Amino acid sequence: MAQVYYEDIAEGTEIPALVKYPTTMQLVKYAGASGDFYQIHYDKDFAQANGLPGVIVHGWLTLSFLGQMVTDWLGEKGRLLKLNGSYRGMNKVHEDIICNGKVTKKYEEDGKNLARVEIWAENPQGEKTVTGTAIVALPSKV
Amino acid sequence: MAGESVITEELNSLLNVEFGPEVYEIEKGMLKRFAEAIDDPNPKWLEEAPPTFAAALVPHDLLHKLFNIDIPLKRLLNGSSDLEYLQPIKAGDVISITSKLTRLRQVPGAEGPTLFMFTEMTYTNQRGEVVVKGKNTYIKY
Chain A
586 MAQVYYEDIA
596 EGTEIPALVK
606 YPTTMQLVKY
616 AGASGDFYQI
626 HYDKDFAQAN
636 GLPGVIVHGW
646 LTLSFLGQMV
656 TDWLGEKGRL
666 LKLNGSYRGM
676 NKVHEDIICN
686 GKVTKKYEED
696 GKNLARVEIW
706 AENPQGEKTV
716 TGTAIVALPS
726 KV
Chain B
39 MAGESVITEE
49 LNSLLNVEFG
59 PEVYEIEKGM
69 LKRFAEAIDD
79 PNPKWLEEAP
89 PTFAAALVPH
99 DLLHKLFNID
109 IPLKRLLNGS
119 SDLEYLQPIK
129 AGDVISITSK
139 LTRLRQVPGA
149 EGPTLFMFTE
159 MTYTNQRGEV
169 VVKGKNTYIK
179 Y
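Each protein sequence line maps, in turn, to chains A and B. For the first sequence, the numbering used here gives the first residue as 586, with consecutive numbering after it. For the second sequence, the numbering used here gives the first residue as 39, with consecutive numbering after it.
In isolation and in its complexed conformation, chain B is listed as follows:
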């Protein structure tokens, strides 16, 4: 590996630790506001969550740690998002989210190291059914 590792012991200690569940009650107003924000006029989204609504169900416990952890890289970008839909999320549902950091990868870049943080989220409804499985990669540089 080129250069020093930016992956601290503190960051490593978060690997594969499950955070949550964090609970969101899905109100009609939330769906409407989200559909308006993404400028998608499909009337279906007044009752059911549009595909990227999982972005609004933030796993704060994990992300707060990942984004604020004391490492030399301060700038943050979203790298990729991956969603698998098993059941629709509907108005009135109560969604519980668990999340974990699954992998860390440091690569050398022109302006210094870049760190990729791979996360996985599971979204479960009030009947215990997994509705969405999500993966997201965050980049610190």
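Isolated chain A, as found in the complex:
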């Protein structure tokens, strides 16, 4: 992917979407790598006893997918300054998670070329499961 520059973007610019398909195995790997061993993320019986439909994806893992979407877009020269997400709905395993982002503000501050990017993840039903923002610094052509 070509490097994105500050001059390339405008309010409303969409960033390339990223689609992920987490499996139970990935959730187990994530549990091990993050140290989050809460059983709702790999033990179906435990999850259902907690009133959940089944094993659900870690909110942090979905936010990681959104982070990848943003850093893939930023390339070598862009920099992620802030990332946040609210976990509004649940992503189940063996379902697509569709990550999206759109530039909502472009501004200069302290000599840096910044952009605010609205980010969100959807499940296959089109429900937004994680919504948030990323603040990024982009290189300039000038």
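Keep in mind the hints are simulated off the structure, nothing from the lab. One should not assume that every hint holds.
[As the list claims (entries may be wrong)] Below, a list of computed lysine-lysine pairs in the DSS-like style, where the Cα atoms sit at most 25 Å apart:
no.: 1; chain 1: A; residue 1: K662; chain 2: A; residue 2: K690
no.: 2; chain 1: B; residue 1: K66; chain 2: A; residue 2: K614
no.: 3; chain 1: A; residue 1: K690; chain 2: B; residue 2: K173
no.: 4; chain 1: A; residue 1: K662; chain 2: B; residue 2: K128
no.: 5; chain 1: B; residue 1: K112; chain 2: A; residue 2: K629
no.: 6; chain 1: A; residue 1: K614; chain 2: B; residue 2: K128
no.: 7; chain 1: B; residue 1: K70; chain 2: A; residue 2: K667
no.: 8; chain 1: A; residue 1: K697; chain 2: B; residue 2: K171
no.: 9; chain 1: B; residue 1: K112; chain 2: A; residue 2: K667
no.: 10; chain 1: B; residue 1: K82; chain 2: A; residue 2: K697
no.: 11; chain 1: A; residue 1: K629; chain 2: A; residue 2: K677
no.: 12; chain 1: A; residue 1: K713; chain 2: A; residue 2: K667
no.: 13; chain 1: B; residue 1: K128; chain 2: B; residue 2: K173
no.: 14; chain 1: B; residue 1: K128; chain 2: A; residue 2: K677
Remember, predicted model here, so these are calculated numbers, not experimental data.
Dock chain B against the given chain A, drawing on the hints supplied.
Below, chain B without anything else, positioned relative to chain A:
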């Protein structure tokens, strides 16, 4: 407020108490395992922490108390995460984490009360530079 408060004296006593520092040595293997777990193939993450790596630097002292404290609400969900990056975290760094509970908020829900627990974390490297500031909200219901 509808219903009885689930915010016990014990829980209230944790407010604004600083926990830590808890120290993590950032090994290359940790970064590689984390990048594999989040399925992000960017080779940059073999040397530098990907954006959500702070999730793996768990402030156990605070969270163990928050998650196991004796209140009537037993089920737990993650509500939100917020990270500000001041410096990259790199392989070989030694990161110290301090954490605190900053706010408690109880709201009535259809199936009973919901409790929001707001936390803040500061991640500092071996040179004393703050590398990441984090906020996380946990929900008990």
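So, against the hints stated earlier in the document, which numbers end up violated here?
Structure breaks hints 9, 14.
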